[in-house]
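Sequence lines, in order, name chains A and B. 1 is the number of the first residue of the first sequence in my numbering; add one for each residue after it. 1 is the number of the first residue of the second sequence in my numbering; add one for each residue after it.
Keep in mind that the hints were calculated from the coordinates and are not lab data. Treat the hints with care, as some may be off.
[As the list claims (entries may be wrong)] Listed next, the in silico DSS-like pairs over lysine-lysine satisfying Cα-Cα at most 30 Å (straight line):
#1 B:LYS79 to A:LYS312
#2 B:LYS184 to A:LYS329
#3 A:LYS403 to B:LYS79
#4 B:LYS27 to A:LYS311
#5 B:LYS139 to A:LYS311
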Amino acid sequence: MSASPAASAASAAFAANANSIRWYASHEARLIWRDFASLVTAGKPKRIALVSTIIAGFVIGMHLFVVHLLRNQLETGIAADKATLLMISGFAVMLGSLMFSQAIESVTRAYYARSDLDLLLSSPATSRRLFQVRTSILSVQTTVFALLIASPLVNILGFMDDPRWFSAYLVIMALGGFATSAAVMLTLLLFRTVGPARTRLIAQIISAIVGAGFIISLQAMAIMFGQGFSRLALFTSADTIEAAPALDSWIWFPANAAMGDGWSLVFLCAASLISLILVISYSTRRFADDALATSGLMDGKGKQKTFTGFKKQSGIGAVLRRKEWDLLKRDPWLLSQSLQQLLYLVTPGLLLWVHYGQGSGIYYVVIPVIVMAAGQLAGGLSWVTISGEDAHELIDTSPISAKTILLAKAEAVVTIVGLVSAPFLIALMFFSPRAALCLAVGTLLATFCAVVIQLWYRSQANRSLFRRRQVSSKTATISEAVVSILWAAGAALAFRHGIFMVPLALMAGIVMGVAWLLRPQGQG
Amino acid sequence: MSSPYALEITDLNKSFDRPAVNGLDLKVHGGEFYALLGPNGAGKTTTLRMVAGLLQPDSGDISVFGTRLAADPLEAKRKIAWVSDEPMIYDKLTPLEYLEFVSGLWAVDPREAERRSLDLVEWLGLGPHAMERCGGFSKGMRQKVALAGALVHEPQLIILDEPLTGLDAGSARQVKDVLLSRVKRGTTIIMTTHILEVAERMAERIGVIAEGRLVAEGTFAELRNRSGGENATLEEVFLDIVESNEETTDVGSLAA
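Same shape as in the complex, but just chain B (with noise of 0.2 Å):
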């Protein structure tokens, strides 16, 4: 079945100890990047865990590409890359075994496989340092390393969380040309970061999540319209957007 969205979340609920993810609702059209936003703790890594399908969700709905990840997670998870901030690869591997590894696992043809991979590791600077075992690496690679394995079976949907956490200049920068180039080429990047220059530069649309919820979404402009302020930068609107929820949020529970 297709569908205009990349991802299509209703009513999505998550409870640990609180509900860290409550009747959220989100839609990321095909080709897009799209930043989600929030303060700590607003449950923007659980919602992406559940998308991943790291996570059970107590309640809701997740469709990957118009595959609902409950009836076929593994149709989904074809179509999806998964990247997070502590980046998990094999210390005994090297890059280009480990990118083996991950190709097999998605079923790539070996020789593309190889082509891709190659290029991969050269396009991100890990070219002198292919057959060395990932062990010794910094952070940096070591992010390198797994942004190549969540592309290299060229997925429709890249799903990052904190991906550039800990990245010097250079890296960041060879990060974030990979993953416009990925964009241009018609794939889906959801993406949560901090650093909000990141995400006003990059994101198509932006999403903020508070409390489990959607609060407020649309492009970078949308939002400073909305929050009132002509020359706002994103993190006035964001801060705008957050504290204006939790006032609303303490009123609620005010008037209850």
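Next up, chain A with everything else stripped away, as it sits in the complex (with noise of 0.2 Å):
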């Protein structure tokens, strides 16, 4: 029987493509579309259109907002002095910390997610041209990201102060393939020297601490030297902007670049390409042997435990919190990505530690940021306990109501929030038995909240898919972000005054009527 011409034609073309750099691209590039497809319109295409709306909603947006906030600076022009110099630096370096975060992360997953690398490697095709082409696209989606992020600013003063700003889009570019190159190495370096068992798990902290840690940094910085809460504090300040190098300074030159200077931006963009050439060139010569290496290692074995005889547990609730502990701390990845939101809980410690008996005000800050925190901890522990469980048939199988099994699990989410919380509370009862009050009562309403909203919106999933664990439900993770922050709010507002929390209150009961009309049938 002969192929029909339509199928002859495509197979003409795969052949004369077959294993080149552009055939590569494009399976590439057809794989991330539809995964940013079936992302965004969560597999029902006429969603394409809300969607698109309500990203040009938020793009215009942001760049009302920008306009609002520069509007001073715009009306008398923007100097390349120091301080501007300091600010485009600082921000530049928060946007490179960011982009390095995301590329460690992106670079571990392209080694370790064995998707379609037993197939690649199976092949007789040379997978090299393929990971060089992997790898540039890791650049291009880090430096998207950090565009996306950029745009509003960047359009802002291009339009509205001069057009050489355009050029911050081309250091924005430099500064991705600085990431991705630094990504790339610190990965190999790894490799090197703790080995693939440990690659994965030292990269996620290291991704976790670079992209929290520079803007906690800034906020410690600021909070140490009192200029305030805010991240950019330390980049005003008349002592820092005094204290920086001169103008004429090489420091500058990245700031230099993305204000237009021609040479500056020349040689930040060349090196940035050179270091990325000789970075791919390097690491996928032995990508391959690399990913080999991991094959096996996510199922890892630990270490041969010794039987130590079962243990009496009171009850079906320890049974079930026993082993929701146990799996969570022999996951250090999943520990790490749950607890990650903690490190932010370092500034609002360090506020405590600063300001100890002198006033109330911090309290607006710390107890809000661990309200916050809570809910969001105890919405990730409550996603992998609940959602995330694998043996759930056994679970179903056994002769344990559901109502029960469910209360277990809530129960060991609970008691790790509580846990967590607990520090922070006990020293503020030192400081002030109301804050102390108030930040109980909102940490139990956001943790209470945020477990119940995952119980609404349960659906059998994957651990290991925990960082995707919003795609599976946008309206049980915002409704969480939403009741967490209302939550946040009234606990500080109580601290004033108990009645400042009702409106809060109210609001957030709204939103967990919306949540749990808008649950997936079926779920209580």
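Quick one: dock chain against chain with the hints and give me the complex.
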């Protein structure tokens, strides 16, 4: 039987391009596009119009916000003085650290995710070209994210101050190249030093610390030097500007490039491109071997344990709680992902320490941050224990009511959140019992609501999908975040007067009501 | 209420896009090894998932040793163990920790659970790996851990959905031996399998399900007599039953 003309043409095109860089690039682009489309539409193509409208609205809103933020500077014009260069450099380091953090995560995923690696590595085709394309695409993905974040600022400056500001886009691209190169080299360094078994975990921790670390460090420095809580306070401080290097210092060349200085721009872009080419060329030579070395490591056996006998446990709740804690304890990656947001508790902790006994102003910062973090932690852990149940059929066929099981899982989550919040609560009790009470009530309510939302929106999923849990239900993610914010604000206002919490509690109630109405059918 | 039947299914119905189980009636005696056969999509797994409480029937009745599943699901589940073709175990637990957890779910006394667990891991050849995490285990080892989990609480009825899929000959032999020994001790086993030789050798009675209905049932000898081939293998008997059912359905739909 002869093939159809269309099939023959496709086959000829396939044969002509197969295993070329272009062929791999189109393969990768197709996968990324379909992944993105399914993420945006959630399997419902009609959603594209709605999602596009929301994105457009958000982008316009962000541009208007930037216009409002920079209205004074735009009126007078922005000069290339030390204050401006310092602010741009700070922004660049912030973006760079975010890109580096994201790149580490993407690079490790490329080595460890086995979705198509087994197919690729077992095929007779040379995989080096594919990995060259894949690493280049990682760089593009990392950069696109940062470009989107910076675009309202760059566009407004470019259109309303001076078109030279558009060169900031090239600077961001260059930073993306550096970030990807550094992430690849870090991953390879970890492979060689700590081995493939530990690389992923360590890389994840570095990614979390770098991602949140720079912003937290800025806040911490601002607090320590009494310049407030703002992330940008350090860059606008007169002391910092005074201490900054002179205008002709080499340190400003990325900032000068962002402001349109031609030579700085060319140097920066060329350096980034060369570093990326060298790193891609070096890493892809060994990519296949390194990727093969990770095979089976995700299912690590762990250390051989000594059998100490079965323990007597008081009731089914204890059995389930112990199982949940054991699983979390033994999954450092999941644990690091869950506890990542606790990094943001560093600054309120620091605030409490620095401002001990200096009035009540700090409580308006400390209380909401902790309540918010507790709500988010509870949401993440609830998803892991409730939806991310690996042996759900075993649990469903056991002679225990669904209510008992869910209650035990919720208990496991509440206990962990309680343990994390307790030190702050105890510390706060010495400062202000009223603040401690507000924190306790806020934390309890935020935790309760997060757990309940996850119960309403529970669906069977693999724990390894934790980072993408928001994809399964955007309603759950949004309502969880909004309710946490409302209880955080409510707890802070309740510190001033209990009655101030009422409207926020009502709003939280409405959000919970909407979440309940929109819950998937069949969930109680 | 005592019942001679380990499992009694009456007029069971379940539809997804189309009827998956269509007025199924089935009775399995206590202490019996029953094989449920059928072509792909016949409704075997759907039926057994409803028995295990993993799916809600649209209508019909399921009783396990006289306990109606709809009226007292927890009491019914106390008597059942479910093993699927894709063993769902915890990668981060060791086999013994998994068995300790399962024992806890079924409220087995810890000392008794420990004794049974140690026996089971040895019996299933898991001894050397008893304190290693299951994450690195092969499909066969995972299936054996899941089977040990099903046996540790000594259920009266074990339901297995394609338990031998993907097992090597040695592992399959171990699993079969364990199952047969349980039947000798009075446990009822219902198993679906595509390996007809296993059904032929192990099952006391065989049920053939097609398009959601039970189309034939009996011992292997009875089924062979029915299809008229004295020396026919179960494969030939099975194909004959399924084909004649398809022809009947086709004639029925033409007549309609």
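Taking the hints in turn, this is what the structure says about them:
Only pairs whose Cα atoms come within 30 Å are accepted, and B:LYS79 paired with A:LYS312 is accepted, the gap being roughly 22 Å. Annotation: proposed proximity of B:LYS184 to A:LYS329 is violated, straight-line Cα distance about 41 Å (limit 30 Å). For a cut-off of 30 Å, the pair hint linking A:LYS403 to B:LYS79 stands: about 20 Å separates their Cα positions. Our distance criterion of 30 Å between C-alpha atoms is broken by B:LYS27 and A:LYS311, whose separation comes to about 40 Å.
For the suggested pair B:LYS139 and A:LYS311, the alpha carbons sit about 29 Å apart, so the restraint of at most 30 Å is met.
Hint check: violations occur at hints 2, 4; the rest are consistent with the structure.
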